[in-house]
Amino acid sequence: MRDSISLYQIVRVGGRAVYVKREALNHLSHVEAIIFDCDGVLIDTRRSYNTTIVRTARFILSQLVGFPLPQWVITQSIIDTLRRSGGFNSDWDSTYVILLYLFSCRPKRFLQRFRQTHQELNDGGDLKQEVDTAAERMHLGLSRFVEQADSSGIASLEKVLFERRQPLWRMEALRAFKAFLGYPESGADSLLATVFDEIFYGPELFQKAHKRPPQFYTGAGAIENEMPIITEAALKQLAEMLGARNLGIASGRGTLATEKTLGRLLDYLNPQALVLLEDEELKSHGDLEALRVERAKPAPYSLLKSARAMKTFKRALYVGDSAEDLIMARRANEIDPRYLFAGVTDDSNDPRSKREMFAEAAIDLIVPSVNQLPELLRACKQNAKG
Numbered sequence: 057m058r059d060s061i062s063l064y065q066i067v068r069v070g071g072r073a074v075y076v077k078r079e080a081l082n083h084l085s086h087v088e089a090i091i092f093d094c095d096g097v098l099i100d101t102r103r104s105y106n107t108t109i110v111r112t113a114r115f116i117l118s119q120l121v122g123f124p125l126p127q128w129v130i131t132q133s134i135i136d137t138l139r140r141s142g143g144f145n146s147d148w149d150s151t152y153v154i155l156l157y158l159f160s161c162r163p164k165r166f167l168q169r170f171r172q173t174h175q176e177l178n179d180g181g182d183l184k185q186e187v188d189t190a191a192e193r194m195h196l197g198l199s200r201f202v203e204q205a206d207s208s209g210i211a212s213l214e215k216v217l218f219e220r221r222q223p224l225w226r227m228e229a230l231r232a233f234k235a236f237l238g239y240p241e242s243g244a245d246s247l248l249a250t251v252f253d254e255i256f257y258g259p260e261l262f263q264k265a266h267k268r269p270p271q272f273y274t275g276a277g278a279i280e281n282e283m284p285i286i287t288e289a290a291l292k293q294l295a296e297m298l299g300a301r302n303l304g305i306a307s308g309r310g311t312l313a314t315e316k317t318l319g320r321l322l323d324y325l326n327p328q329a330l331v332l333l334e335d336e337e338l339k340s341h342g343d344l345e346a347l348r349v350e351r352a353k354p355a356p357y358s359l360l361k362s363a364r365a366m367k368t369f370k371r372a373l374y375v376g377d378s379a380e381d382l383i384m385a386r387r388a389n390e391i392d393p394r395y396l397f398a399g400v401t402d403d404s405n406d407p408r409s410k411r412e413m414f415a416e417a418a419i420d421l422i423v424p425s426v427n428q429l430p431e432l433l434r435a436c437k438q439n440a441k442g
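Residue numbers for the sequence shown follow the working numbering, beginning at 57 and rising by one.
By construction, these hints were calculated from the structure, which means they are not laboratory data. Yeah, the Cβ is synthetic: ideal placement off N, Cα and C, and Gly gets one too. Any given hint might turn out to be false.
Claimed, not checked - Label-pair distances were calculated between CB atoms; the ranges are:
no. : residue 1 : residue 2 : range
1   : Leu63     : Thr274    : 49 to 55 Å
2   : Phe218    : Gln438    : 52 to 58 Å
3   : Ser60     : Asn82     : 18 to 24 Å
4   : Ala276    : Lys215    : 36 to 42 Å
5   : Glu228    : Gly275    : 33 to 39 Å
6   : Lys441    : Ala289    : 22 to 28 Å
7   : Glu288    : Ser60     : 32 to 38 Å
Produce the entire structure from the sequences given, and follow the hints as far as they go.
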């Protein structure tokens, strides 16, 4: 970490430390456009998406075994580990691999019965005691399992579970469970995506997003727990500095959820530069998996598309909070070398670890919060003028 930090000049902004890569100081003075990730950058999603991952996995597993999985089995550190891998920008993906692993921990008789019936079952025996006894083992195993994730996402962990050394009965049960979840399909074709979105949106917004009533969950949506991170004052300053046409979003989120939480703050951004990939997935009638490979992070599609809607700029700053965001910015630079990357850390349950991850990756700028950008960019521009 010390060697990595030596690459940076530490600047105090609003009483807090901002890490500016020395080689990037001049480039930052030429920033004329900013593209934001949404979750964890503009919106605090720790009590919405993270909560929904846990609740979706627990709901589906409890329906299968008849008893709830202890909530502490799926921790925030497990979710953070997946995001740090660079291959899990989609929370559907995170939920899927967590479910797949926890399902694989079920006893042989359960997996064989599931494969045969492909429906909710009770195979006799004391399942509640079995779940309670296995919980600690499942938590530790899941923690080790997600450590094997990499930027290839689902493929990196499916490879672990579907390896050839597995007995045939386990492989067949896992394939049946994957089919049961209907993943990676979306909408009505996927049990996983349906339960996830019902819990996240709540009944009213779910019906608005999917044009059908909820089937499994009718309580308050986890989206109600979200709060904007970015302030109106910060957005107003950035719009005055760069022009509203040169502020955009590149995110896997959808328009409905973004408008729900950010509201009128979106008025400060260029509507043509808002690239919200969930909308494109919901409208897709083709190969969803192929679409995700082509467009979802860390593919640079959304970043480049947002930038095309802006007026000409010397440099664009992409602001993200994850390994996928960093990889996307670097892939975009392979096509157009005008992009800089800023990583925010305050959204994390462990800001220090996130700062260390970004420093080791030698990114251009590390900031606690997106709200520090106006003052920092002004300072960079003034410093360049000398």
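Hint-by-hint comparison with the structure:
The given range of 49 to 55 Å is respected by Leu63 and Thr274, whose C-beta atoms sit roughly 51 Å from each other. Roughly 56 Å separates the CB atoms of Phe218 and Gln438, a value that falls within the hinted 52 to 58 Å. Evaluation of the 18 to 24 Å hint for Ser60 and Asn82 yields a pass: the beta carbon distance comes to about 20 Å. At roughly 38 Å, the beta-carbon separation of Ala276 and Lys215 lies within the given 36 to 42 Å, and the hint holds.
Our hint of 33 to 39 Å for Glu228 and Gly275 holds, since their Cβ atoms are close to 35 Å apart. The supplied range of 22 to 28 Å is met by Lys441 and Ala289, whose beta-carbon atoms lie about 24 Å from each other. About 34 Å separates the C-beta atoms of Glu288 and Ser60, a value consistent with the hinted range of 32 to 38 Å.
In this structure, none of the earlier numbered hints is contradicted; all agree with it.
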